[in-house]
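S.K.: The chain contents come next:
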Amino acid sequence: MLPERLRSIFRKESEPVSPARVPFSAFGGAAPRKQAKPSPPVTRQSRGLEQFFFEIRDVVGLSILDLAGATQENINFLTSLGHKIYSQDIVRSLDEAFGSEAVQDQTNPALIESFLRTNLNYPPDTFDGVLLWDSLQFMGPALLSATVERLSEVMRPKSYLLAFFTANERVSEVMSYAFRIVDHKTILLAERGMRPSGHVFNNRNLERLFGKFESVKFFLTRESLREVIVRR
Amino acid sequence: MSTTPYRVPEADPRNTATIGKAVKVIGQIFTKEDLYVDGDVEGTIESQDNKVTVGPNGRVQAGIRAREVVILGQVKGNVEAADKVDIRKDARLEGDIVSSRISIEDGALFKGSIDIRKMEAKPSAGPTITAPPAPAPAVSAAVPVGASAAKR
Numbered sequence: 001m002l003p004e005r006l007r008s009i010f011r012k013e014s015e016p017v018s019p020a021r022v023p024f025s026a027f028g029g030a031a032p033r034k035q036a037k038p039s040p041p042v043t044r045q046s047r048g049l050e051q052f053f054f055e056i057r058d059v060v061g062l063s064i065l066d067l068a069g070a071t072q073e074n075i076n077f078l079t080s081l082g083h084k085i086y087s088q089d090i091v092r093s094l095d096e097a098f099g100s101e102a103v104q105d106q107t108n109p110a111l112i113e114s115f116l117r118t119n120l121n122y123p124p125d126t127f128d129g130v131l132l133w134d135s136l137q138f139m140g141p142a143l144l145s146a147t148v149e150r151l152s153e154v155m156r157p158k159s160y161l162l163a164f165f166t167a168n169e170r171v172s173e174v175m176s177y178a179f180r181i182v183d184h185k186t187i188l189l190a191e192r193g194m195r196p197s198g199h200v201f202n203n204r205n206l207e208r209l210f211g212k213f214e215s216v217k218f219f220l221t222r223e224s225l226r227e228v229i230v231r232r
Numbered sequence: 233m234s235t236t237p238y239r240v241p242e243a244d245p246r247n248t249a250t251i252g253k254a255v256k257v258i259g260q261i262f263t264k265e266d267l268y269v270d271g272d273v274e275g276t277i278e279s280q281d282n283k284v285t286v287g288p289n290g291r292v293q294a295g296i297r298a299r300e301v302v303i304l305g306q307v308k309g310n311v312e313a314a315d316k317v318d319i320r321k322d323a324r325l326e327g328d329i330v331s332s333r334i335s336i337e338d339g340a341l342f343k344g345s346i347d348i349r350k351m352e353a354k355p356s357a358g359p360t361i362t363a364p365p366a367p368a369p370a371v372s373a374a375v376p377v378g379a380s381a382a383k384r
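First to last, the protein sequences are chains A and B. Heads up: the first sequence begins at 1 in my numbering, then just goes up one per residue. Heads up: the second sequence begins at 233 in my numbering, then just goes up one per residue.
Derived by calculation from the structure, the hints in this document are not laboratory data. Careful, some of the hints might be misleading.
[Claimed, not checked] Computed list of chain A residues with no C-beta within reach of chain B, every gap over 12 Å:
1. Thr-71
2. Tyr-86
3. Pro-109
4. Thr-126
5. Thr-166
6. Glu-173
7. Asn-205
8. Phe-210
[Unchecked claim] From the structure, some residues in chain B lie toward chain A, with a derived Cβ separation under 8 Å:
9. Asp-281
10. Ile-334
11. Ser-335
12. Ile-336
13. Leu-341
14. Phe-342
15. Lys-343
16. Gly-344
17. Ser-345
18. Ile-346
19. Ile-348
The beta-carbon is built from N, C-alpha and C at its ideal position, and this holds for glycine as well.
Required output: the full structure, derived from the provided sequences and hints.
M.R.: Structure follows, in structure tokens:
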């Protein structure tokens, strides 16, 4: 049997990444799509996160929306900076609203409106920062643009949004992660399982997606994650 | 000595008022001792200097105000705790939290805002949750006019 490293050389680019990577259910979140041996969480630097916190430095009492679900680490970090945190597990909500297999089914306008009403029902200009993490990757085009539109409404002008996208444009499934803030430039990533990706996210598409926002800044990381900082 | 972690707090019948899992209460609950809710509550729960625990079978649609709040079941409503809010694995809380401290386990679902504030345990100002004029023994004043407690 060939070692995994050798096999990966022969794997076609278009093949989905190994289904052996699995939901790390201990970190909560959506139901796993494929079962296999869990990979341990990894810690990595995040330029996007560093930039996000740089932009809100020296200010307290901000309202930050964290869409990766409530975790002790993120709550501790954000509240220790004196901010108020709004928590929401948007990926889990996607499953509740549309089912975990249903990127293609995310086109029903009534369901999209219901999803937005349930998950992003905030007054205009509520948030000083939004941590979207990788959640937009799992939305179909119609839901995606409706969600970004709603986010632009609930964010304050000049506030920032942090989002992660896979840099690999050919995969149909991508790993979903739980994101935990270790410090202002370090995150811990725990796998939540492979999920169907709803879109191809290259730089041009992302600029178009965030067209209503003032600026979009990209950071490409070695783990094929494209970190994006968007200014409202 | 057992090494099993202390997970599900059991209600101590000597010091804790209990709403059992077959009980439904609609109305306002005021208590001067700890309260363990394993049934259904709709309304408000206030236990200013004590602990309120929503057990694994508890389904609460109520604002909760207490010194400490522990959630193992489901709560839909705002939670205010002078000391601590503790959300355990498999618990579900939809509502806003105001507390001095918060603890949330992996696997818990929380949807709402968290505002960490140092609060006085004994507020002199009028409470947000309106209290009825009658003196409030544990859980009893609990069920004001129009409230019902029913076996399911």
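S.K.: All hints are to be evaluated individually against the structure, with a verdict given for each.
M.R.: A quick look at each hint next to the structure:
1. The Cβ of Thr-71 of chain A sits about 7 Å from the closest Cβ of chain B, inside the 12 Å cut-off, so the non-interface label is violated.
2. Residue-level check failed: Tyr-86 of chain A sits 5 Å from the nearest beta carbon of chain B, not beyond 12 Å.
3. The Cβ of Pro-109 of chain A sits about 23 Å from the closest Cβ of chain B, beyond the 12 Å cut-off, so the non-interface label holds.
4. Listed as a non-interface residue, Thr-126 of chain A fails to keep its Cβ farther than 12 Å from every Cβ of chain B; the least gap is roughly 10 Å.
5. In this structure Thr-166 of chain A is separated from chain B by more than 12 Å, as the shortest Cβ-Cβ distance comes to about 24 Å.
6. Interface exclusion of Glu-173 of chain A from chain B stands, the closest Cβ pair being 24 Å apart, more than 12 Å.
7. With 12 Å as the threshold on Cβ separation, the claim that Asn-205 of chain A sits away from chain B holds: the shortest Cβ distance comes to roughly 30 Å.
8. Taking the minimum C-beta to C-beta distance to chain B, about 25 Å, the non-interface status of Phe-210 of chain A holds against the 12 Å cut.
9. With its C-beta approaching chain A no nearer than about 24 Å, Asp-281 of chain B sits outside the 8 Å limit, and its interface hint is violated.
10. A hinted interface residue such as Ile-334 of chain B counts as satisfied when its beta carbon comes closer than 8 Å to some beta carbon of chain A; here the least separation is about 6 Å, so the hint holds.
11. Evaluation of the Ser-335 of chain B hint against chain A yields a held restraint, the C-beta minimum of about 7 Å falling below 8 Å.
12. Annotation: interface hint on Ile-336 of chain B holds; nearest CB of chain A at approximately 5 Å, less than 8 Å.
13. With 8 Å as the threshold, the beta carbon of Leu-341 of chain B comes within range of chain A, its nearest partner Cβ sitting at about 7 Å, so the hint holds.
14. With 8 Å as the threshold, the beta carbon of Phe-342 of chain B comes within range of chain A, its nearest partner Cβ sitting at about 4 Å, so the hint holds.
15. For Lys-343 of chain B, the shortest C-beta to C-beta distance to chain A is roughly 6 Å, which falls under 8 Å, so the interface hint holds.
16. Annotation: Gly-344 of chain B was flagged as interfacial toward chain A, and the flag holds, the nearest CB pair being 7 Å apart, inside 8 Å.
17. Given hint, Ser-345 of chain B at the interface with chain A, holds; its Cβ is 5 Å from that chain's nearest Cβ, closer than 8 Å.
18. Because the closest C-beta pair between Ile-346 of chain B and chain A is about 5 Å apart, less than 8 Å, the hint holds.
19. A cut of 8 Å between beta carbons decides the hint on Ile-348 of chain B: the least distance to chain A is about 4 Å, and the hint holds.
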